[in-house]
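Top line first, the protein sequences correspond to chains S and A. FYI, this note's numbering numbers position 103 of the first sequence as 103, with every residue one higher than the one before it. FYI, this note's numbering numbers position 366 of the second sequence as 366, with every residue one higher than the one before it.
Hints in this document: simulated from the structure, not taken from any laboratory. Possibly wrong hints are sitting among the right ones.
Per label pair, the in silico range of CB-to-CB distance [said to hold, decoys possible]:
(1) A:Ala350 with S:Met13: 23 to 33 Å
(2) A:Val383 with S:Pro114: 29 to 39 Å
(3) A:Phe375 with S:Gly112: 31 to 41 Å
(4) A:Arg23 with S:Ala224: 49 to 59 Å
(5) A:Gly379 with S:Glu15: 48 to 58 Å
(6) S:Ser25 with A:Gly379: 56 to 66 Å
(7) A:Tyr394 with S:His10: 53 to 63 Å
Positions of the beta carbon are idealized from the N, C-alpha and C atoms, including for glycine.
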Amino acid sequence: MIELIEVTRHYRMGESTVKALDGVSLAIGDGEYVSVVGPSGSGKSTLMNLIGCLDSPTAGRYALGGEDVAKLGRDRLADVRNRRIGFVFQSFNLLPRVTALENVELPLVYAGIPGRRRRQIAREVLERVGLSDRAHHVPNELSGGQRQRVAIARALAGRPSVLLADEPTGALDSKTGVEIMALFRELNRDGMTLIVVTHDADVARQADRVIQVRDGRVLSDLPAGEWVA
Amino acid sequence: MKLLKSVESLRMSVRSIGANKIRSFLTALGVMIGVGAVIALVALGNGAQVSVQQSLESLGSNLLIVYSGQPRGSSLVRRNTSNIVPALTDEDVAMVAGLGPDLVSRVAPESTSTSQVKFENYNTVATVSGTTDAYPHIRNFHPIYGAFVSPADVDARRTVAVIGAQIYRDLFPAGGDPLGARVRIDGVSFTIIGVMEEKGSSAQDTSLFIPITTFQRHITGGTKYQSLNIQATSTDVMAQLEFSIEQELLRLHKLPSMEVADFYIANQLDLIGTVEGVAGTFTLLLGSIAAISLLVGGIGIMNIMLVSVTERTREIGVRMALGAKSRDVLAQFLTEAVILSIGGGLLGVAIGVGVSWAAVRFAGMASVVSLDSVFIAFGFAVVTGLFFGGYPAYRASRLNPIDALRYE
Ligand SMILES: Nc1ncnc2c1ncn2[C@@H]1O[C@H](COP(=O)(O)OP(=O)(O)OP(=O)(O)O)[C@@H](O)[C@H]1O
Ligand SMILES: [Mg+2]
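From just these sequences and the hints, can you work out the full model?
Written out as structure tokens, the structure is:
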């Protein structure tokens with residue numbers, strides 16, 4: 001259960017403040033599949049960072065699984081990120097010097113899973129995103145779409161209960177995009193909570209629920225069937 | 001789980017060190033030079049100390065020397081004594097000998113003068129020393145060929161001479177047997193009866209020994225001696241012996257105190273102590289200079305680690321986003337710093353030992369690598385790594401995940 005109450009996130013830029021989020025209240029239940037849409041700069045990534053426990057709100061309350069995140073220390077937050085959340089970054093954020101496989105292994109390293117088991121899991125996840133043949137390439141040697149899939153595989157490796165994906169299909173051709181959406185559907189069927197930021201109305205409609213943001217506020221929050229782009 | 005993570009941070013550190021080989025090498029170089037310098041310089045300092053000590057011990061063992069004249073700092077090293085008025089008498093010698101076999105094992109009176117020595121066309125300058133047969137044992141300075149002045153030579157005031165190694169070389173440049181050859185000293189003809197061993201010190205190698213009685217008759221006249229060489233029975237009794245001699249001599253010379261005395265006593269132990277002190281200071285000084293270079297090496301580590309942390313801010317952000325805790329990041333960067341300093345330290349030990357070996361082998365210097373300095377320098381290198389790597393690692397570990405991720 002993800003619960004945001006009147007959450008704001010302001011950035012101070014010298015004299016002025018940028019209100020990236022300006023009073024957002026949301027509740028997303030376990031196992032929901034939600035899309036977040038909105039124009040560029042509307043605060044989607046900011047929202048994802050907050051939900052993913054990477055950032056903390058300027059004001060308002062955020063509870064994850066009934067627990068007030070503001071009250072958790074650095075180490076507990078690290079644990080939450082490690083065990084409960086999978087994050088696909090808009091800019092991938094792969095480690096440049098290590099292979100795809102090792103990138104995928106990273107969350108498992110911090111979960112304390114031994115090497116052999118870790119590699120096995122990482123291989124399976126890479127297989128799921130269709131990248132087994134590129135396991136030993138460093139990000140530099142991969143295409144944009146392949147990198148994106150490594151990022152997705154890495155987010156899935158720790159079997160998180162919540163998957164946050166910021167533009168997960170942005171760099172994918174339509175065929176791979178469709179495959180990834182099918183994978184998301186499948187993960188959701190298995191009980192994973194999915195929150196997907198997208199610009200693509202078709203991708204947004206794959207979810208059960210679409211949240212539209214603008215200027216840091218929730219503009220509409222509708223079941224996918226009722227939402228019109 | 002703890003172990004697993006340590007293995008993991010070790011692996012990551014090795015990888016990141018390997019990813020930037022030249023930089024890592026330069027970082028380690030600072031520590032390497034520091035550790036190497038500490039070990040090599042301390043070894044050379046120790047070597048100097050040992051060799052000075054050895055040459056002091058070669059002057060004789062348990063040696064006390066009573067000199068005529070006003071005290072002018074203690075010295076066992078032969079000074080120009082020719083112009084000193086002899087003040088020590090046969091009575092003094094008898095008194096010292098009379099202090100008993102518990103304290104004194106030998107006494108040899110001595111007077112010296114610097115004189116021209118001639119043999120055929122050759123001539124040289126020697127420190128002519130009149131003494132007795134006890135002298136070689138007291139000063140640990142023996143003839144290598146022929147014999148030293150015998151008691152019979154002294155009794156009969158024979159004109160015989162034992163020459164130092166350098167005198168032999170000067171007078172017999174073509175070599176050959178010197179025994180029986182006649183040399184002229186201050187116009188008096190002496191028969192050579194022996195050649196002293198080579199000591200490597202010019203003072204000893206340019207000396208020439210004749211019977212003390214002969215010296216008094218032909219060279220100075222008078223019956224007094226310039227100095228008394230005294231060998232104590234053991235190191236333990238030296239202080240006591242020195243005190244007794246001082247008291248007795250004051251009494252015999254009818255003097256109220258040492259301030260107005262016409263003699264002074266040099267003690268080998270005091271001299272060794274002084275020299276050890278000086279050499280210790282010298283070693284300490286060298287060690288400190290080296291320690292400073294080790295410190296500079298440490299600052300080098302810190303500098304590189306700070307750069308490395310800044311460069312990898314995004315990486316740190318990613319790791320934190322994926323669940324790395326502060327201590328995981330701290331461990332990763334600390335491990336990196338410690339590996340660099342251990343690596344640099346090990347190479348430094350090799351270099352230090354190598355340099356001090358080379359100093360002995362090629363430069364003929366005395367050098368003693370002390371295990372202490374190896375451990376201290378190496379330990380210091382590791383501590384340096386921990387300390388100077390610690391701050392950048394700590395900075396990295398306190399980064400905010402989102403700020404780190406956004407860092408360009
Ligand atoms: N670190 C920051 N400092 C200052 N302003 C920021 C910062 N991060 C985001 N912003 C501002 O907050 C607003 C929301 O940014 P955000 O990244 O959430 O947008 P977005 O909806 O993800 O856009 P896009 O679709 O282009 O990714 C923007 O106006 C942006 O300029
Ligand atoms: Mg964004």
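Going down the list of hints, with the structure as the test:
Distance hint for A:Ala350 and S:Met13: a CB-CB separation of about 55 Å, inconsistent with the stated range 23 to 33 Å. Distance hint for A:Val383 and S:Pro114: a CB-CB separation of about 32 Å, consistent with the stated range 29 to 39 Å. For A:Phe375 paired with S:Gly112, a C-beta distance near 35 Å keeps the hint of 31 to 41 Å intact. In this structure the hint that A:Arg23 and S:Ala224 lie 49 to 59 Å apart at CB holds, the actual value being about 53 Å.
Distance hint check: the CB atoms of A:Gly379 and S:Glu15 are about 54 Å apart, consistent with the given range 48 to 58 Å. Under the hint 56 to 66 Å, the C-beta atoms of S:Ser25 and A:Gly379, about 59 Å apart, fit the expected range. Between A:Tyr394 and S:His10 the beta carbon distance is about 29 Å. The supplied range of 53 to 63 Å is therefore violated.
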